Amino acid sequence: MDGGRASLNIPARARISSGPILTQFRRILPWIIPLGFLALFYFYPLIKIVQVSYTRSPAGVGASIWEALNSPLLLRVTWFTFWQASLSAFLTLVIGLPGAYLLARYDFRGKSLLQALFGIPFVMPTLVVAAAFYAMVGPNGWVNLGLMTALKLEDPPVVLTNSIYAILLAHVFYNTTIVLRVIGDFWSRMDSRLVLAARSLGASRWQAFRRISLPLLSPAILAAALLVFIFDFTSFGVILVLGGPRYATLEVEIYYQTVGLFNLPLAATLSLLQLGCTLALTVIYTRMSARVSRPISLQSSRSSMHQLADWRAKLTAGVILIILFILLTAPLIGLAARSLTRFELERGERGEPERGFTLDFYRELGINRRNALFYVPPTTAIGISLGYAGLTVLISLLVGLPAAWALARDRQSTLNRVLDPVLMLPLGTSAVTLGLGFIVALNQPPLDLRTSPLLVPLAHALVAFPFVVRSLTPALQSIRPRLRQAASVLGASPAHVIRRIDLPLVGRAVLVASTFAFTISLGEFGATALIARPEYPTIPLAIYRFISQPGAMNYGQALALSTILMIVAASGMLLIEKLRIAEIGEF
Amino acid sequence: MLRKILLHSIIFLSIGSMIASCVSAVPTETQPPAETEPVVRTPEVTAARRTLKVMTHDSFAVSDSVIEDFTSKNGFSVQFLKSGDTGTALNRAILSKDAPLADVFYGVDNTFLSRALEEGIFEPYASPMLADIPDRFKLDPQNRALPVDYGDVCLNYDKSYFVEYGLQPPQGLEDLLRPEYKGMLVVENPATSSPGLAFLLATIGHFGEDEFLDYWEGLVENDVLVVNDWELAYFNEFTVAGGTRPIVVSYGSSPPAEIIFSETPIDEPPTAAIVSDGSCFRQIEFVGILTGTANRDLAETFIDFMLSPEFQEDIPLQMFVFPVIENARLDEVFEKFLAVPENPAYVSPEDIAENREKWIEEWTEVVLR
Numbered sequence: 001m002d003g004g005r006a007s008l009n010i011p012a013r014a015r016i017s018s019g020p021i022l023t024q025f026r027r028i029l030p031w032i033i034p035l036g037f038l039a040l041f042y043f044y045p046l047i048k049i050v051q052v053s054y055t056r057s058p059a060g061v062g063a064s065i066w067e068a069l070n071s072p073l074l075l076r077v078t079w080f081t082f083w084q085a086s087l088s089a090f091l092t093l094v095i096g097l098p099g100a101y102l103l104a105r106y107d108f109r110g111k112s113l114l115q116a117l118f119g120i121p122f123v124m125p126t127l128v129v130a131a132a133f134y135a136m137v138g139p140n141g142w143v144n145l146g147l148m149t150a151l152k153l154e155d156p157p158v159v160l161t162n163s164i165y166a167i168l169l170a171h172v173f174y175n176t177t178i179v180l181r182v183i184g185d186f187w188s189r190m191d192s193r194l195v196l197a198a199r200s201l202g203a204s205r206w207q208a209f210r211r212i213s214l215p216l217l218s219p220a221i222l223a224a225a226l227l228v229f230i231f232d233f234t235s236f237g238v239i240l241v242l243g244g245p246r247y248a249t250l251e252v253e254i255y256y257q258t259v260g261l262f263n264l265p266l267a268a269t270l271s272l273l274q275l276g277c278t279l280a281l282t283v284i285y286t287r288m289s290a291r292v293s294r295p296i297s298l299q300s301s302r303s304s305m306h307q308l309a310d311w312r313a314k315l316t317a318g319v320i321l322i323i324l325f326i327l328l329t330a331p332l333i334g335l336a337a338r339s340l341t342r343f344e345l346e347r348g349e350r351g352e353p354e355r356g357f358t359l360d361f362y363r364e365l366g367i368n369r370r371n372a373l374f375y376v377p378p379t380t381a382i383g384i385s386l387g388y389a390g391l392t393v394l395i396s397l398l399v400g401l402p403a404a405w406a407l408a409r410d411r412q413s414t415l416n417r418v419l420d421p422v423l424m425l426p427l428g429t430s431a432v433t434l435g436l437g438f439i440v441a442l443n444q445p446p447l448d449l450r451t452s453p454l455l456v457p458l459a460h461a462l463v464a465f466p467f468v469v470r471s472l473t474p475a476l477q478s479i480r481p482r483l484r485q486a487a488s489v490l491g492a493s494p495a496h497v498i499r500r501i502d503l504p505l506v507g508r509a510v511l512v513a514s515t516f517a518f519t520i521s522l523g524e525f526g527a528t529a530l531i532a533r534p535e536y537p538t539i540p541l542a543i544y545r546f547i548s549q550p551g552a553m554n555y556g557q558a559l560a561l562s563t564i565l566m567i568v569a570a571s572g573m574l575l576i577e578k579l580r581i582a583e584i585g586e587f
Numbered sequence: 001m002l003r004k005i006l007l008h009s010i011i012f013l014s015i016g017s018m019i020a021s022c023v024s025a026v027p028t029e030t031q032p033p034a035e036t037e038p039v040v041r042t043p044e045v046t047a048a049r050r051t052l053k054v055m056t057h058d059s060f061a062v063s064d065s066v067i068e069d070f071t072s073k074n075g076f077s078v079q080f081l082k083s084g085d086t087g088t089a090l091n092r093a094i095l096s097k098d099a100p101l102a103d104v105f106y107g108v109d110n111t112f113l114s115r116a117l118e119e120g121i122f123e124p125y126a127s128p129m130l131a132d133i134p135d136r137f138k139l140d141p142q143n144r145a146l147p148v149d150y151g152d153v154c155l156n157y158d159k160s161y162f163v164e165y166g167l168q169p170p171q172g173l174e175d176l177l178r179p180e181y182k183g184m185l186v187v188e189n190p191a192t193s194s195p196g197l198a199f200l201l202a203t204i205g206h207f208g209e210d211e212f213l214d215y216w217e218g219l220v221e222n223d224v225l226v227v228n229d230w231e232l233a234y235f236n237e238f239t240v241a242g243g244t245r246p247i248v249v250s251y252g253s254s255p256p257a258e259i260i261f262s263e264t265p266i267d268e269p270p271t272a273a274i275v276s277d278g279s280c281f282r283q284i285e286f287v288g289i290l291t292g293t294a295n296r297d298l299a300e301t302f303i304d305f306m307l308s309p310e311f312q313e314d315i316p317l318q319m320f321v322f323p324v325i326e327n328a329r330l331d332e333v334f335e336k337f338l339a340v341p342e343n344p345a346y347v348s349p350e351d352i353a354e355n356r357e358k359w360i361e362e363w364t365e366v367v368l369r
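So the protein sequences, as listed, match chains A and B. Once you know that position 325 of the first sequence is 325 in this note's numbering, the rest is easy, because the numbers rise by one and skip nothing. Once you know that position 329 of the second sequence is 329 in this note's numbering, the rest is easy, because the numbers rise by one and skip nothing.
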């Protein structure tokens, strides 16, 4: 830092920043954009739809809430929602933590590729994931066929259809990447000298982990756990498609009450309950997080990287990677392989099974055989998806950065303590309810965005925003305040402090946040199906168009397009990863 | 490190672009020269071209040329808004009643018709084209909702499975209770799936409100499998797609669709629909003019067009449902392989609206608990 020259400025600067009004203003300033965004695109639609829903209740608000609270359904559904989310989140952490350690601490060939591969599940549509699981562990999947042959069984031993195991498996499949990225990123930047010191003082590997690494890691672990839990808590597609008719989360019940029965008052009550649970959880998280997080010095991830030197490290790494690979990547490879295989001739009477390589499904994607109005070639769908994803990254960073920065700067202020949990709310909100909220709220010019293509990235950014905040805050928080103070004491202007201290330190976290925003947008289906214009379908929408009609060709094309989605997602993630290298800030 | 990452991304991107270019290279050769046709437009009366907005569900499809013809003939453009599945799209139309998103809503079916009519989202329109439509499709005497197409939800079975095991395929709903069909049927949940609800209604229409639960108890004893989605049932549990269940609840049009969407040309569909009396349920889809539209004249023109032979004959190959007008010609593949039930089970839209929740709850008690 070029300190000497600036030291003359100290008194003047100190005087200005101590003015109480100015301080207040500075505190509020970074909140203007994020809160304005949330107010307009989140709170306003939500309040409006709840209001409209309750006015539709014939018996009045009080009566309909009372009725909802008294229904046995409520307790059962809420309990199941909590139960499956806790179990899913726990399993995801258990599976993800060793992987996070490996990716954070070791350097080996193909690491970024693996990181990107493990991120692909996040963007896959549920129906496609169901197909992938069935191909592996369905009644005629290769696991069951293998076991039946090996153990001479009559019936398939693994029953996936409509089971809780399918739900847990799918949640782990989808969300492990959150653990890998949020915790892995933090871990890789953690100063390894503390652990080394403990080890040299005689602590065992396990003691060093439990007493040093784990406490230091806990803010990141909590953040990842919260994100995963809320995702599982509001799970819809996985429960609906894989869980089957016996399991319902609050979100599934909200959908049924809204679409099936048009019981809006009950749906609104359930939505508020789901929101209340999210809020309560986030408040608990914020409290715990404030207690456990402490400023530690982050360092360049490269300086703490090890090589997989001895056989023991290699073996451990191998086991961890194989487990992750089987859980997260093998089902997708099965899908991709099937999109390149003929399978129609396998059926009974029409000749011998003849498995062969084919590009037919990919070729057919480019043909508008029936001259359909809404047909788009796959290249266009890729372009549309990437365009929306790019806008989502921009919007969510624009809104998320100031919020995360404000949160990290001054965790103890009342304003921030109140606002912190509020920022997570969009994640815990029912998409069905909020989707209707847009319809009733954004209906007057200049805000009549109901049919605007811009509504798609705005809706995606609403989901991505909490991720952006959560991935940025731990990194920003761990910047030692003294570093900033030193800089300003040395005469750096606030803008200068941000540019020279904060940005370089959080550059990596910004990339993690961008990756999340990118993948969230790429894979989003529920909201997109409601608001995207049919002329501009994203890849998941185009996949759905194929898979909702009978015929082997449609199925094959859905798988082919899913494979293209995987490639687009992985390339995008690798590209963002690559930016890290070009980034000037790594020190 | 940098080089490695670069290498990987280059490999990835090049594979991606290879696939993309391989798939995008094809249409230029095979697409009909739609764009090169000179567009003849009728002289426009107003300076600005008017636009009709049509709200619909996500299964809506139509031929490019049909809409192109229509817009060039009538001098206004048509914009389609898709809003999720049928129920979701209808909810959105209802909630935007005060500031309508569109001028026309297409796609409400007889299971949702009462909700749409009770909410008053449609203005009556006695289209002259209604004369060509048989009365059995006209469920709203006030013509607020006009029938456009119909489709039957029927049991489908895997033909080769029954040949292989030397079994006679079931002939009707009663047969499914027989022991030789144990463990063969997969159906969709009526609470979450539209064909699932239609099949439940078929059993109610066929066995009556007092008996249908006994029938379902029998199905449960015969090991019926219930899943939430048609996609899961048809593409994963049905034997034709590699599952273990040779009988599935799907559409009467699924067998001809199997031919049209076969991977390699085939002469005969691998599946067949069971269309005996009372075993299918007919879904009729309606169109209506949304209350308060400023484009009533355009809306009327468009609805007349939807009921004209040109649009009606385009429906089957795009949406796999069928024209309501009597003189529409069908594609050869439908003439050959489409089985249409003569007497599908019937439940009135009012009864459906009145009892939907009760029936689904009773069904859930019997089948899922």
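It should be emphasised that the hints constitute simulated quantities derived from the structure, not laboratory data. Certain hints may be false.
Below, in silico cross-link-like pairs of lysine to any residue (SDA-like), each with a Cα-Cα straight-line distance of 20 Å or less [stated by the list, open to error]:
hint, chain 1, residue 1, chain 2, residue 2
1, B, K97, A, V52
2, B, K97, A, S452
3, B, K358, A, L476
4, A, K578, A, V52
5, B, K97, A, K578
Short, incomplete list of chain B residues facing chain A, as computed with Cβ under 8 Å [what the hints assert, rightly or not]:
hint, residue
6, R144
7, D223
8, L225
Some, not all, of what chain B presents toward chain A, calculated at C-beta under 8 Å [stated by the list, open to error]:
hint, residue
9, S63
10, S96
11, A272
12, L330
This one's a predicted model, so the numbers in the text were calculated from it and none came from an experiment. Backbone N, C-alpha and C define an ideal beta-carbon position, used for all residues, glycine too.
**Q.** Hints that the structure is at odds with (numbers, increasing)
**A.** Of the numbered hints, 3, 4, 5, 6, 7, 11, 12 do not hold.
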